[in-house]
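Since the structure of chain Z is provided, determine the placement of chain B on it from the hints.
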Amino acid sequence: MSIETTRTETTQIHNIGYRNYDGPRLGRAYARRSLFSQSLRGAYGLGRSAKSKVLPMILFAVMCVPAAIIVAVAVATKMKDLPLDYTRYAIFTQALIGLYLAAQAPQSVSRDLRFKTVPLYFSRPIERVDYVLAKFGAMAGALFILTASPLVILYIGSLLAKMDFADQSKGFGQGLVSVALLSLLFGGIGLVMAALTPRRGFGVAAVIATLVISYGAVTTLQGIAYGTDNIDAIKWMGLFSPITLIDGVQTAFLGATSSFPAGAGPSAGLGALYLLVVLALILGSYAVLMRRYRKVGL
Amino acid sequence: MYNPTVARLTYRALLGRRRALILFALPALLIVIASAVRAFNGVDDQVAADVLGGFALATMVPLIGVIAGTGAIGPEIDDGSIVYLLAKPVKRPTIIVTKLTVAIAVTMVFSAVPTFVAGMILNGNGQQVAVAYTVAALVASIAYSALFLLLGTVSRHAVVIGLVYALLWEALFGSLIAGARTLSVQQWALSVAEKVAGDGLVASDVGLPVAVALLAGVTVAATWYAGQKLRTLTLAGEE
Numbered sequence: 001m002s003i004e005t006t007r008t009e010t011t012q013i014h015n016i017g018y019r020n021y022d023g024p025r026l027g028r029a030y031a032r033r034s035l036f037s038q039s040l041r042g043a044y045g046l047g048r049s050a051k052s053k054v055l056p057m058i059l060f061a062v063m064c065v066p067a068a069i070i071v072a073v074a075v076a077t078k079m080k081d082l083p084l085d086y087t088r089y090a091i092f093t094q095a096l097i098g099l100y101l102a103a104q105a106p107q108s109v110s111r112d113l114r115f116k117t118v119p120l121y122f123s124r125p126i127e128r129v130d131y132v133l134a135k136f137g138a139m140a141g142a143l144f145i146l147t148a149s150p151l152v153i154l155y156i157g158s159l160l161a162k163m164d165f166a167d168q169s170k171g172f173g174q175g176l177v178s179v180a181l182l183s184l185l186f187g188g189i190g191l192v193m194a195a196l197t198p199r200r201g202f203g204v205a206a207v208i209a210t211l212v213i214s215y216g217a218v219t220t221l222q223g224i225a226y227g228t229d230n231i232d233a234i235k236w237m238g239l240f241s242p243i244t245l246i247d248g249v250q251t252a253f254l255g256a257t258s259s260f261p262a263g264a265g266p267s268a269g270l271g272a273l274y275l276l277v278v279l280a281l282i283l284g285s286y287a288v289l290m291r292r293y294r295k296v297g298l
Numbered sequence: 299m300y301n302p303t304v305a306r307l308t309y310r311a312l313l314g315r316r317r318a319l320i321l322f323a324l325p326a327l328l329i330v331i332a333s334a335v336r337a338f339n340g341v342d343d344q345v346a347a348d349v350l351g352g353f354a355l356a357t358m359v360p361l362i363g364v365i366a367g368t369g370a371i372g373p374e375i376d377d378g379s380i381v382y383l384l385a386k387p388v389k390r391p392t393i394i395v396t397k398l399t400v401a402i403a404v405t406m407v408f409s410a411v412p413t414f415v416a417g418m419i420l421n422g423n424g425q426q427v428a429v430a431y432t433v434a435a436l437v438a439s440i441a442y443s444a445l446f447l448l449l450g451t452v453s454r455h456a457v458v459i460g461l462v463y464a465l466l467w468e469a470l471f472g473s474l475i476a477g478a479r480t481l482s483v484q485q486w487a488l489s490v491a492e493k494v495a496g497d498g499l500v501a502s503d504v505g506l507p508v509a510v511a512l513l514a515g516v517t518v519a520a521t522w523y524a525g526q527k528l529r530t531l532t533l534a535g536e537e
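Note that the protein sequences, when read in sequence, are chains Z and B.
Note that the numbering used here has the first sequence beginning at 1, numbered continuously upward.
Note that the numbering used here has the second sequence beginning at 299, numbered continuously upward.
Keep in mind that the hints were calculated from the coordinates and are not lab data.
In silico SDA-like links for lysine to any residue, alpha-carbon gap of 20 Å or less:
| no. | chain 1 | residue 1 | chain 2 | residue 2 |
| --- | --- | --- | --- | --- |
| 1 | Z | K53 | B | I459 |
| 2 | Z | K53 | B | V452 |
| 3 | Z | K51 | B | D377 |
| 4 | Z | K295 | Z | R124 |
| 5 | Z | K116 | B | D377 |
| 6 | Z | K116 | B | D376 |
| 7 | Z | K51 | Z | Q38 |
None of the values given here were measured: they were computed from a predicted structure.
Looking at chain Z on its own, in the form it has when it is part of the complex:
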């Protein structure tokens, strides 16, 4: 150490007092955790300007208000069961979930691309897989908070109204599994679409177009199949849009009633295919993101 010091002193013109950092290095896991928590907070505008808190907070409130109203009505009229299944809630509020995803997924990744901060991340001890996992996890986590909170409200309300504990817990558990799958699926799709473009506006449009167009196309076709008595075709068409995929999985395995026309949801056999497609889409979006960030920035 002393040798080095003397050497730098002879080569330096001025010693302006810069010192090396010799404190503890927090390492890769810490950096990954920080990126995850920052992205998760950022998805609700925490730690950002007041303006960027407005939209996520409004959407969060709008998600929760119907649940609170349902609980209030159920308690006031002393119902034996909630008027809405836990598993149906996300299907009914899918437009809000889609909007939230469209607004927040580009916020999470597009700006890193546009302001070329991605190379700066990779100059830290994190690897590509850490960045992708942190962003994916944060987006799915933010969606899970958005979709699970109303379920928690429903559950607490149903317990306060002294409904059947075992029955409600089972429904609540099924609902949580379903929204967890939904969060992973939607988060993956949203991030893939958003990571394609550094422009936030186009990212928003791309995400919402994917969700709305696929859903619009599927429901239109299902409606026509129903109108022409092709009931068998209805359950196959559900494979082609994210929200109907979730609907199919929970109809087959999580005891939900399908919102397909004529309630013609898939049986357990076809449901396995639904589940397979959902898992393939989640893993596929992870793989696409890994590919996307193989060469980025500079």
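Just chain B now, kept in the frame of chain Z:
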């Protein structure tokens, strides 16, 4: 009131590279659906009207309107490169009118043409259904482009606000609350289509004179206000 250079730059911003993919994907999907329905179902005027009304006019036209309308000016304001355009001796209303022209042209090409093709596939223009919905798509393109171009100059979250209007207001509230339908571009366009189509296939809640007046009024007012807005534009930094 029309500047060819601004128009050329806007066309390139809208149709350049991957952005055009979204614009091509939507009409392609409509035509695929139309072919599938025709193959499944044969010719049926009511089904044709349902597909064109439910998918083409209710979903596709507003989405393309949002992408073209906000995309014509939003990204430039967003990344600040609009100052180079504003610094040139071109009148602000001229910039708006030029960009509006481009947005209308793009929306019309990508929404009305596929609507017409899909209509021909579905029932070969029986009872004028294809023509009626093409006219509706053309009319709606103008109003949507003007509205969403205005949004692009007003807010940095123009795309989100535009989508909220197109999806929540027109689709959700429009189907729940009858009053909301009076204030919907889609219904105004439908009332024009109603005049063209055979009886009973297209229904609108707004009378034709009111609809035409509202369409023209909204378009002119939105364009004028967007011009005003651009004259006093303040560039916001990144939040």
